[in-house]
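Trainee: Construct the complete structure from the given sequences, taking the supplied hints into account.
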Amino acid sequence: PKHWGMHGFNRHPSLRNVNTTVNVGQLEDLAGDGDSVNLTEMGIDKLLGSGRISKAITVTVSEASAKATEKIEAAGGSLNMDQEDWDEFEEE
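Residues in the sequence shown are numbered from 50 upward in steps of one, following the numbering used here.
Just so you know, the hints here were simulated from the structure itself, not pulled from any lab data. Wrong hints could be hidden among the right ones.
As the list claims (entries may be wrong) - Derived lysine to any residue pairs resembling SDA-like cross-links, with alpha carbons at most 20 angstroms apart:
no., residue 1, residue 2
1, 104, 119
2, 104, 79
3, 95, 74
Said to hold, decoys possible - Simulated restraints on C-beta separations:
no., residue 1, residue 2, range
4, 65, 122, 29 to 37 angstroms
5, 123, 65, 32 to 40 angstroms
6, 60, 115, 23 to 31 angstroms
Glycine included, every Cβ here is placed at the ideal spot set by N, Cα and C.
Mentor: Okay, here's the thing in structure tokens:
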């Protein structure tokens, strides 16, 4: 029968862009005793809004969801968007 095999188009795994994410609820564990955390240096690409945060933390990350930004600011923290990647595209 002709129904065997892959149908459609799939990108090669080496060409896929897989983002590494972390949730707001995990930030306090990542920050430890400090009041700031740089997720970009940890290899994390995006901050998502699942979970709760109770202490004010300054977070540096490439991307963040709207809900994550809202929760961090509600806890008294701040979010610094790391714009290094986007500056390259604007120059071209």
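Trainee: If a hint holds in the structure, say so; if it doesn't, say that too.
Mentor: Against the structure, the hints come out as follows:
Note on residue 104 and residue 119: the hinted pairing holds, with a Cα-Cα distance of about 14 angstroms set against a maximum of 20 angstroms. Proximity of residue 104 to residue 79 is assessed by CA-CA distance (about 12 angstroms); at most 20 angstroms being required, the pair is judged to hold. For a cut-off of 20 angstroms, the pair hint linking residue 95 to residue 74 stands: about 14 angstroms separates their Cα positions. As the Cβ distance of residue 65 to residue 122 is approximately 32 angstroms, the hint placing it in 29 to 37 angstroms holds.
Between residue 123 and residue 65 the Cβ separation comes to about 34 angstroms, which falls inside the hinted range of 32 to 40 angstroms. Distance hint check for residue 60 and residue 115: the Cβ-Cβ separation is about 28 angstroms, which falls inside the suggested range of 23 to 31 angstroms.
Violated hints are absent here; each numbered hint is respected by the structure.
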